[in-house]
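For the protein sequence lines, the chains are A and B, in the order given.
Quick note: the first sequence uses my numbering, first residue 3, plus one each step.
Quick note: the second sequence uses my numbering, first residue 3, plus one each step.
Any given hint could turn out to be false.
One copy or any two copies: either way a pair holds, since identical chains are not told apart in the list.
[As the list claims (entries may be wrong)] Straight-line C-alpha distance at most 30 Å; calculated BS3-like pairs for lysine-lysine:
id: 1; residue 1: K246; residue 2: K179
id: 2; residue 1: K71; residue 2: K56
id: 3; residue 1: K340; residue 2: K7
id: 4; residue 1: K71; residue 2: K242
id: 5; residue 1: K50; residue 2: K242
id: 6; residue 1: K242; residue 2: K179
Since the hints were derived computationally from the structure, they do not count as laboratory data.
Protein chains: 2
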Amino acid sequence: MSKPKSVPVAIVGCGVVGTATAQILTRDRELLAAKTRTPLELRYIVSKTYSSAKAAGLDEALFEPDLGKVMADSELQIVIELVGGIETARSVIEQAIDAGKHVVTANKALLAMHGAELFERARSAGVSIGFEASCAGGIPIVRALYDGLVANRIDAIYAIVNGTCNYILSQMTNERKSYLQALEEAQADGLAEADPTLDVSGLDSAHKIAIMTSLAFGQAIPFELIPVDGIEAIELADVKFAEKLGYLIKLLAIAERQSSGITVRVRPAFISRNHPLAWVSGPFNAVSVYGHVTGHTMYYGRGAGGPPTASAVTADVVSIASGVLPRTFEEFGYMLGKNPVAEDNPVADTAHRYYIRVMVRDSPGALSSMTSILEHYGISIASVLQDEVADTNGGESTYVPVVIILHTTGERAVLDAASEINALPTTGDRCSVITIVDEYPEPAAED
Amino acid sequence: MSKPKSVPVAIVGCGVVGTATAQILTRDRELLAAKTRTPLELRYIVSKTYSSAKAAGLDEALFEPDLGKVMADSELQIVIELVGGIETARSVIEQAIDAGKHVVTANKALLAMHGAELFERARSAGVSIGFEASCAGGIPIVRALYDGLVANRIDAIYAIVNGTCNYILSQMTNERKSYLQALEEAQADGLAEADPTLDVSGLDSAHKIAIMTSLAFGQAIPFELIPVDGIEAIELADVKFAEKLGYLIKLLAIAERQSSGITVRVRPAFISRNHPLAWVSGPFNAVSVYGHVTGHTMYYGRGAGGPPTASAVTADVVSIASGVLPRTFEEFGYMLGKNPVAEDNPVADTAHRYYIRVMVRDSPGALSSMTSILEHYGISIASVLQDEVADTNGGESTYVPVVIILHTTGERAVLDAASEINALPTTGDRCSVITIVDEYPEPAAED
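The shape of chain A in the complex, shown without the other chains (with noise of 0.2 Å):
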């Protein structure tokens, strides 16, 4: 067979991740080159700025002002949208799919919120969407999801896809830092931006599970029906009691199939030490995928910064080029735009073990009017834990933390009961109340 022609491709934003595709495309030609016989041509960047450009090392002649122009090439065959944000990405990838280019793009918040319109449009035009690097930087999770694992129906997927918010936990358990101190930390040493909003608030973990429940479940879910809670309001205390009970506290993207459906959200979470998620520390990410016949798999590495993300990209420059993404986009069938949309979310449907603290005042009477409303609920205490640590977090030393462990209970109930208690007179206005995640049942042990 003659060796093909080169596949022209074009960079649309040439911030960090832009910067790092460009310089694989560029400086890394000869070693893509070794390993599919496609060659890669990178033949515009458009972007305003060239300065970060520049910087990298990267020739000047590539960089096109006007889309317009690189739109009209009839010969470019992929753009990689790396500009982010919502409309500006949509406008640039619905202007490629309509001149018939494959898209390549990293951007986790418009797959999210506008995902299905877009596969549907790419495929009435016959091209191709690549999105590897919107999941987990680095890590190839969405291949495992559609492709490595497809024998599996999947069962449940926890995953820790912020490496802010995990490099900020990290901190606050290993060196004791409270939340503030630690995210200071890290906006100096770049791991948080100055506004963390989108990664603390967990909108950013939400936004890629939303993606990964649809390649795993073969079910989309309206990215407004997850319940996302961010790491904001995780104080001190709980990150020590949770390790004095062998638990880690972790922001966990979770989607899971219950009785009552798929479920999807966000939230800090308990997890044993045991779990191999525990493991995964300061800026790292991994995604626990649990199958009917492969039981529990774990993907891990960088999930974000430039070089991670730009090699999650090129990975699917590279299929695209090759000819294989776009026969996979074809016939897999949970794939983005094809999977039916679930109505609702039935989180608070879902049964799990709780971390109570409360905060109580030390008077007579004080545990027993919180224990008398959690069996109200019907709802079963595993144990109790009250130390001597006096509340150093409020003012009053007369407020001593319990802490509540409760057995498998529904989700409505201990919520509901978690507001009686903040409403008592014994105790303080707002008890913490966090999610364990246990190990997800393996599959019976098979030889």
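Chain B: place on chain A using the hints.
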């Protein structure tokens, strides 16, 4: 586009993995049909014995003892080779290729030793070979190496790919069992074969790293060039010292890019408790891959057993039926049978830190005669640990263990020095020399 006809498939060999694969292809037929637009039809199971298949509820009508009849079915598109062993399996695969069938196999020994010829034969015949199941059971590491990480120059692979060894070493570490006790328990639990040689000798791990090396580095390594040490010589004393020093002992399959070339070896190694591979215990496997763009990514799961291996086999069957794997097989450069074959495996030229435990007669001058040998070879000592634990292995209580940790040193010098130390009148006749595998340096952190 019209719905394609279903793709007929045959399984040859119906042991543990064959049975599990047949179960997926029958019991889970609807699930698979929802995940890909090309339905599969399990048409034949070629096997002499029906007993395990019957127990698993497989339809007896699927069984066909005559392989020739199966190969003569011109509609049959995919042959799954699960007979194991070398010669019979090779013959099955060759017949399938020559009959124009695609092949899926889990046979690591066969591919490590004869993969290149089989892949060339398949390529000439215009068919593909799927082998996801050959390296790490249910962990989709083969796809990660050639596809997901394609943008990377792989610099190193450290792999725990034998569950039997990992289980035995975990039991020695956690339960303080001796090697023989742990082996017997593993056999009683069905986690080790009656003849465990293939596993505990490291040969099974060597088969797997040989395949992974070709995929990752684009260079095939002749199997006979891979030095293989198993876990049989690991003593509880070494496990305890490892722990005292902040390490665990794991059987690692290692492939590394060195200035002298790609080096491949299997050996027990000290690995830091902070390295993610140290967390992999019991029957689980994991593969750490270091790429020049992603840095460290790790893939974790069950590396053996019927259902996990069948998950990987089925992924290949789906991929072939969908036309994806044949395309990949054609297009991707670092694929078995396409890579140049290394002429040597310069392991002796590598440099590491090392642990040496010597049983020393408690006499004046014993330590200094060892250190002068090390000095003679230009080897620099990082630390010496001599505590008061008496030798409980030999009968002579006058021998005490002395542990010496070396700074980074060339392997050749260490082995030569160890031989001289063994010959000293004041030492036992075989010191333990164990490589310390440090975290592979990450690429410079970028944002």
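*Give the relationship of K246 and K179 under a CA distance limit of 30 Å: within one copy only, between copies only, both, or neither.*
both (17 Å within a copy, 29 Å between copies)
*Which holds for K71 with K242 at a C-alpha limit of 30 Å: within a copy, between copies, both or neither?*
Cα proximity of K71 and K242: none, with 58 Å in one copy and 67 Å across.
*From the Cα coordinates, with 30 Å as the cut-off, is the pair K50 and K242 best called within, between, both, or neither?*
For K50 and K242, the Cα distance exceeds 30 Å both inside one copy (48 Å) and across copies (60 Å).
*Since the copies are identical, ignore which copy is meant and state whether K242 and K179 lie within 30 Å (CA to CA) inside a copy, between copies, both or neither.*
within (11 Å within a copy, 34 Å between copies)
*If the cutoff is 30 Å on CA atoms, where do K340 and K7 land: within, between, both or neither? Let me know, please.*
between (32 Å within a copy, 21 Å between copies)
*asked:* At most 30 Å between alpha carbons: which applies to K71 and K56, within, between, both or neither?
replied: Within one copy, since 22 Å is at most 30 Å while 65 Å is not.
Hint check: violations occur at hints 4 and 5; the rest are consistent with the structure.
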